[in-house]
Each structure stands twice: as C-alpha cells, then as structure tokens.
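Construct the entire structure; sequences and hints are all you get.
Chains as they are written, first to last, in my numbering: chain A, 1 to 332; chain B, 1 to 332.
Since the hints were made in silico from the structure, they are not lab data. Among the hints, erroneous ones may be present.
The list treats identical chains as one, so a pair stands whether inside a single copy or across any two.
Below 20 Å or equal to it, Euclidean Cα-Cα: the simulated SDA-like pairs (lysine to any residue) are [said to hold, decoys possible]:
hint, residue 1, residue 2
1, Lys-260, Ser-213
2, Lys-276, Ser-213
3, Lys-246, Asp-159
4, Lys-260, Gln-92
5, Lys-260, Lys-276
6, Lys-276, Thr-250
7, Lys-276, Gly-217
8, Lys-165, Glu-252
9, Lys-276, Arg-327
10, Lys-260, Arg-327
11, Lys-260, Ala-318
12, Lys-165, Val-100
13, Lys-246, Ala-229
14, Lys-276, Thr-13
15, Lys-246, Leu-162
16, Lys-260, Asp-275
Values in this document were obtained by computation on a predicted structure and should not be read as measured data.
Protein chains: 2
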Amino acid sequence: MGEAPHLTFNLDTPGVSTGHLVVPRGVDCEALSLPVFSCNRGEGPRLLITGGNHGNELEGPIVARRLADWLPEAQTCGRVIILPELNPLAVQAWTRTTPVDGKNLNRVFPGRFDGSVTERIVDAVLRLLLPMADTVFDLHSFGPTWDFPPAVITHPIADADLMAKTLRMAEAFKLPVTLLWEYYDTDVMFDAWVHRQGKVFVCAEFGGGTVGSEALGIYEAGVRNALIALGLVEGTAESPIFRQQKSNQTLETLLSDLLKSPARGIFEPRCSVLDKVQQGDLIGILRPMESLSTGSIDICAPTTSIVCGIRSGGYVNADDELAYLARPRNLS
Amino acid sequence: MGEAPHLTFNLDTPGVSTGHLVVPRGVDCEALSLPVFSCNRGEGPRLLITGGNHGNELEGPIVARRLADWLPEAQTCGRVIILPELNPLAVQAWTRTTPVDGKNLNRVFPGRFDGSVTERIVDAVLRLLLPMADTVFDLHSFGPTWDFPPAVITHPIADADLMAKTLRMAEAFKLPVTLLWEYYDTDVMFDAWVHRQGKVFVCAEFGGGTVGSEALGIYEAGVRNALIALGLVEGTAESPIFRQQKSNQTLETLLSDLLKSPARGIFEPRCSVLDKVQQGDLIGILRPMESLSTGSIDICAPTTSIVCGIRSGGYVNADDELAYLARPRNLS
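Have a look at this one:
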C-alpha cells in the first residue's frame with residue numbers, strides 16, 4: 001500500500017475552497033484524485049452531496065457541478081461539501097460498475113483501506129468526508145435503459161424517528177415522486193451505512209434515458225428546494241413542472257411490485273411512467289425474436305398500481321427487471 | 001465457407017409467410033438465421049423494411065414487429081418484406097457495431113460473400129431481399145446517447161429525379177422533421193448502394209434515449225403514413241403529436257453544422273431538440289472534471305439555426321460530436 005487517503009486542502013477553511021480527495025494507489029491502479037468543493041459558512045447544517053456513484057448516471061455529476069457554480073453566492077450558513085464524482089473511473093467509462101475491479105460502488109460499503117479500487121474509494125469517503133456531514137444527498141438516476149420520474153427515494157429504516165426525518169427530507173425536494181422503496185442488498189449500500197450512524201441520507205433517482213436540458217433543470221430545482229428546507233440557502237421552494245404538471249406524491253414499492261421478464265426477447269413498453277394501471281392492463285409486450293411465428297407475451301399489471309419505472313425497449317433475458325409498480329403510501 | 005446465403009421460404013408465396021434469411025457460417029461464427037416476414041398481395045409497390053442495422057437502436061426492430069402484427073389485415077396490394085433485425089448479434093449485445101468482428105454494418109456495403117459476419121449479412125440481404133423491392137425503409141434511431149426528434153433523413157443524391165422522389169417519400173412520413181443530411185462515408189452505406197440502383201431509400205432517424213411507449217407510437221404512425229402514401233394500405237395520413245405539437249418541417253444540415261467538442265470533459269446540454277438558436281446562444285457547457293478550479297467552456301451556436309440533435313449529458317473526448325444544427329431547406 002502507498003500513502004493513506006487524504007485531502008489536499010483543509011475543509012475547515014472558512015468560505016469556498018476546492019481541492020482533491022486522494023484515494024491511495026493499490027495493486028490494481030494508481031492513486032486517484034477526486035475533485036472536492038467545500039463552502040464553509042460556519043454554524044448550521046452540515047451537508048455532503050455526492051454524484052457519480054454509478055458511472056452511467058450522469059445527472060448527479062452535472063447537477064453537482066452546477067451547484068458548485070452558484071452555492072458560493074447563495075449559501076448563508078452551515079457547511080456543504082460536494083463530491084461530483086464518487087467513481088470517476090466508472091463515469092469516464094459510462095458503466096454502472098468500476099471497469100478496473102468490476103465492482104458496484106454502492107454494494108461495497110463500508111469499503112476497505114487495503115481493498116480493490118472501488119473499496120478504497122468508499123473507505124476514503126467514509127474516513128474523510130462523511131464525518132463532516134449530518135445529512136447526505138446521493139445523486140443517482142436510473143441510467144440509460146430505464147424511464148423513471150424525477151424522484152427522491154429512501155429504503156425503509158428500522159428507526160422510526162430517522163425514517164420520519166428522512167421522508168421529510170425527501171419530500172422537501174418537491175419532486176413528482178417521493179418513493180419508499182423496499183429493496184434487497186441494502187446492508188452494503190451507502191444509505192444503510194449512513195443511517196446506522198443516525199444521519200439523514202436520501203437518494204435522488206432522477207429519471208433515466210438521455211440526460212437533457214429540461215431534466216437537468218428539474219433535478220437542480222429539486223436539490224435547491226432541499227437546500228432551502230435545510231436552511232442553507234434562502235428562497236422559496238417550488239415544485240418543478242414535469243410533463244406539463246406540477247405534482248408531488250409519496251409512493252411505496254414492495255419487492256413484490258417488481259415485474260420481471262418471463263423469457264428472453266425484446267421488451268416493448270406499452271405504458272409510461274406515472275400511468276395509473278388497473279389489474280390486467282398492458283404494461284408491455286415481450287417479443288421473442290428468433291422467429292416471427294413465435295407468439296408474443298403480454299406483460300400485465302397484477303394489481304391496481306402506478307407505473308413508477310419502466311424498462312426502455314430492448315433485449316432482456318428471463319428474470320431481468322421490466323417495471324417497478326408502486327402505490328400511494330397511505331393506502332398500503 | 002459453408003452453404004450459400006438462402007431463404008427458408010419462398011417470397012413469391014401469395015399472402016403472408018414467415019421464415020428466415022440464412023447467412024452462411026464463416027471462420028468467425030456459425031450460420032445466422034434472420035427472421036423475415038413477407039406479405040405478398042400481388043401487383044403494386046414492392047417495399048423492404050429493415051430494422052436493427054445498428055444494435056443499440058431498438059425502435060426499428062420493435063416497430064418492424066408491430067407492423068408485422070397488423071399488415072396482414074391492412075395491406076391491400078403489392079409486396080412488403082420486413083427484416084426486423086439486420087444485425088441480431090449487435091441488437092442482442094446492445095452495441096452499435098457487431099461484437100464478433102467489430103464492424104459497423106452500415107459502413108460495409110455491399111458486403112462480401114466470403115467476408116466477416118457483418119459483411120456476410122450485407123451480402124445476403126443484397127442478394128436475396130433487395131432485388132424484391134423498389135423502395136427501402138431502414139429504421140434507425142439516434143441510440144441511447146442522443147436526443148433527436150422523430151425524423152426521416154436522406155443524404156444528398158446526385159440524380160435530381162431520385163432526390164426529389166426520395167424527399168417526397170421522406171415527407172410522406174409526416175414526422176416533425178424531414179432532414180437532408182450532408183454526411184461523410186456515404187459510399188459504403190446502405191442508402192448509397194440502393195440509390196445507385198435508382199431505387200428510393202429513406203432512413204428513419206427516430207429519436208434517441210429510452211425507447212418508450214409514446215415514441216414508439218409516433219414512429220409507427222410515421223411508417224403507417226408512408227405505407228398509405230405508397231398505396232399499400234388504405235387510410236388517412238395524420239401528423240403525430242410530438243411535444244404537444246403537430247408539425248412538419250424540412251431541414252438541411254451541412255458538414256459545417258456539426259458542433260464538436262473542443263476538449264475532454266462532461267458535456268452538459270443547455271438546449272433541447274427543435275429549439276431555435278441565434279448566433280452566440282448557449283448550446284451546452286463542457287466541464288473539465290479533473291479539478292473544480294478549471295473553468296468550464298461554453299459551446300455556442302455559430303449562426304442562427306435549429307437544434308436538430310444534441311448529445312446526452314456525459315463524458316466526451318475532444319472532437320466528439322455534441323450537436324447537429326440545421327436550417328430550413330428553402331433558405332439555404
């Protein structure tokens with residue numbers, strides 16, 4: 001092993017400063033220098049914003065960079081640290097996982113000082129940046145193969161107080177959807193690690209597909225609303241317009257709400273995100289492509305629900321995820 | 001070499017039939033069986049529809065499959081042959097090029113009987129399917145990393161009569177944009193090969209990003225309009241609604257209208273497709289990501305134009321394409 005993970009600058013410096021988080025070299029690659037922004041206005045909330053956890057979700061790094069443009073003018077108190085790219089190796093490769101070690105950064109928490117590069121990144125962030133914050137926004141998106149509404153999500157948290165605080169923080173983004181998401185694998189994820197320390201962590205799951213100008217405006221407005229709610233910046237929160245509507249709803253999706261593909265073929269989506277569907281309504285069609293005489297398979301809604309996420313048209317294998325259904329939280 | 005390329009069924013059979021185009025095996029892979037649909041209603045226009053030329057453009061294969069569902073009822077005369085996946089190896093891998101030989105199918109025309117698999121596919125299509133058609137629709141899209149309006153494009157054609165016929169065919173789709181596209185490399189592309197035989201060839205360049213339900217509806221409506229214009233099916237052509245508008249415009253883009261990246265970094269789009277921009281207007285921002293103290297670079301419109309295509313937010317290298325600008329054809 002080389003040097004220990006370290007910062008090239010002092011986060012306690014008052015005002016705006018920038019520098020790097022240095023992740024030490026290992027047997028698999030050289031040391032990495034991850035750009036870090038800090039705006040320290042003294043007493044007040046302490047927030048860490050991260051992007052680029054998965055490398056094919058570019059909304060996070062871009063919105064993080066935009067925040068760093070206007071926070072120096074706007075922030076009136078507290079401390080904000082921004083790490084636009086948690087995983088620059090994956091962002092540069094436009095891949096979900098790290099090309100060097102094949103690992104999904106959001107499945108290796110708490111990382112390892114002497115692990116492979118993905119684990120070393122996580123270890124460095126938890127040692128040097130997380131202790132400086134009481135609240136974390138991790139800016140994800142659904143990547144290029146899904147359609148998903150602008151949303152802020154949290155997994156269920158055992159601690160009822162923290163669950164309530166976290167949901168309030170998520171709803172403060174005023175995005176179309178706040179989603180309570182039952183999921184597997186959460187033990188080794190960023191949010192679980194932060195929640196175990198009693199801190200608030202929300203995950204923005206901002207759309208999917210192309211990263212366009214309008215979508216980026218919505219994402220940024222959501223984060224600005226949350227900064228206002230925290231008291232870090234002044235202003236009036238406003239619900240952004242998504243598909244000609246201003247709306248906010250809190251939904252819940254269970255493991256059993258996830259529709260998977262019954263076979264291999266091309267999935268053809270037949271509904272859009274936020275569509276309300278009744279039991280039996282057509283969600284999509286799975287089309288075997290080996291022969292034009294093989295019948296297609298209708299994928300139907302098992303129950304009345306709201307389409308929260310839908311796979312882009314494309315080849316899928318049996319058991320691949322096709323759609324996330326959801327329902328209003330207070331009706332579950 | 002193995003067997004010669006062949007069809008497993010007779011395209012002259014009256015009515016609807018399906019089977020396969022067999023591309024012979026070579027040293028690089030086994031024989032391929034490409035599903036083919038034929039609807040032969042006797043005298044009339046002879047049309048070949050292909051999808052999946054590039055494997056990460058799924059609109060084509062899906063719309064082609066949908067056509068095969070309703071053409072048997074709707075087609076009143078002539079002959080339609082549909083090949084939903086020109087390049088199944090690339091479609092299954094969700095890659096632009098063929099994984100086996102690394103080739104771009106739309107850059108190897110007229111292919112080779114004894115070439116690598118991509119060349120053998122092209123050779124088989126030109127030998128066995130193209131002679132059965134006077135008109136070709138090749139259903140592309142802009143893939144996952146671009147935003148592009150529903151459009152039908154043609155490159156400039158030296159023969160003025162064929163150019164006029166081809167533009168009329170393209171405009172018959174009644175999609176938001178008909179685009180006359182000056183491009184390099186056209187000699188080895190599908191359209192150039194078909195045009196040299198005096199046949200009409202148009203290329204649908206249907207959007208980009210996620211392949212969603214609404215977009216697929218627009219694409220299918222465009223092809224249906226073109227089938228009506230050819231006289232193959234009865235009905236009334238109607239302009240589909242795209243972003244709350246019905247519109248059709250014929251644009252032209254020149255080689256000099258292509259904006260390329262001046263450096264490496266993350267491209268942040270700041271405008272949307274079909275936006276009208278004046279000289280100096282912001283198209284996007286290039287953000288170097290190595291350091292937060294390095295300045296961003298504004299990408300501005302060099303002249304008054306219409307944004308026809310814009311790159312999704314993401315990492316780009318110097319000289320990567322960022323935007324296609326265009327102008328109304330009659331003003332050029």
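Evaluated hints:
1. Proximity of Lys-260 and Ser-213 under a CA criterion of 20 Å is satisfied inter-copy only: 18 Å between copies versus 31 Å inside one chain copy.
2. Taking the shortest alpha-carbon separations for Lys-276 and Ser-213, only the inter-copy value of 14 Å comes in at or below 20 Å, while the best intra-copy value is 27 Å.
3. Taking the shortest Cα distances, Lys-246 and Asp-159 never come within 20 Å of each other, neither inside one copy (32 Å) nor across copies (52 Å).
4. Taking the shortest Cα distances, Lys-260 and Gln-92 sit within 20 Å of each other only across copies (18 Å), while inside one copy they are farther apart (30 Å).
5. Taking CA atoms no more than 20 Å apart as the test, Lys-260 paired with Lys-276 passes inside one copy only; the shortest distance there is 19 Å, against 42 Å between copies.
6. In this assembly of identical chains, the alpha carbons of Lys-276 and Thr-250 lie at most 20 Å apart only when taken from the same copy (14 Å versus 37 Å across copies).
7. Proximity of Lys-276 and Gly-217 under a CA criterion of 20 Å is satisfied inter-copy only: 19 Å between copies versus 26 Å inside one chain copy.
8. Taking identical chains as interchangeable, the C-alpha atoms of Lys-165 and Glu-252 lie at most 20 Å apart only when both belong to the same chain, with a minimum of 17 Å there against 54 Å between chains.
9. Within a single copy, Lys-276 and Arg-327 get their C-alpha atoms as close as 9 Å, which meets the 20 Å cut-off; across copies the closest is 40 Å, which misses it.
10. Taking CA atoms no more than 20 Å apart as the test, Lys-260 paired with Arg-327 passes inside one copy only; the shortest distance there is 18 Å, against 45 Å between copies.
11. Proximity of Lys-260 to Ala-318 under the C-alpha cut-off of 20 Å is restricted to the intra-copy arrangement: shortest distance 7 Å within a copy versus 40 Å between copies.
12. In this assembly of identical chains, the alpha carbons of Lys-165 and Val-100 never lie at most 20 Å apart, being 37 Å within a copy and 52 Å across copies at closest.
13. In the homo-oligomer, the alpha carbons of Lys-246 and Ala-229 lie at most 20 Å apart inside one protomer (19 Å), although the nearest pairing across protomers, at 41 Å, exceeds that limit.
14. Proximity of Lys-276 to Thr-13 under the C-alpha cut-off of 20 Å is found in neither arrangement, the shortest distances being 51 Å within a copy and 45 Å between copies.
15. In this assembly of identical chains, Lys-246 and Leu-162 lie within 20 Å of each other by CA distance neither inside one copy nor across copies; the values are 28 Å within and 49 Å between.
16. In this homomeric assembly, Lys-260 and Asp-275 come within 20 Å of each other (Cα to Cα) only inside a single copy, at 18 Å, whereas the closest approach across copies is 38 Å.
When each numbered hint is compared with the structure, violations occur for hints 3, 12, 14 and 15.
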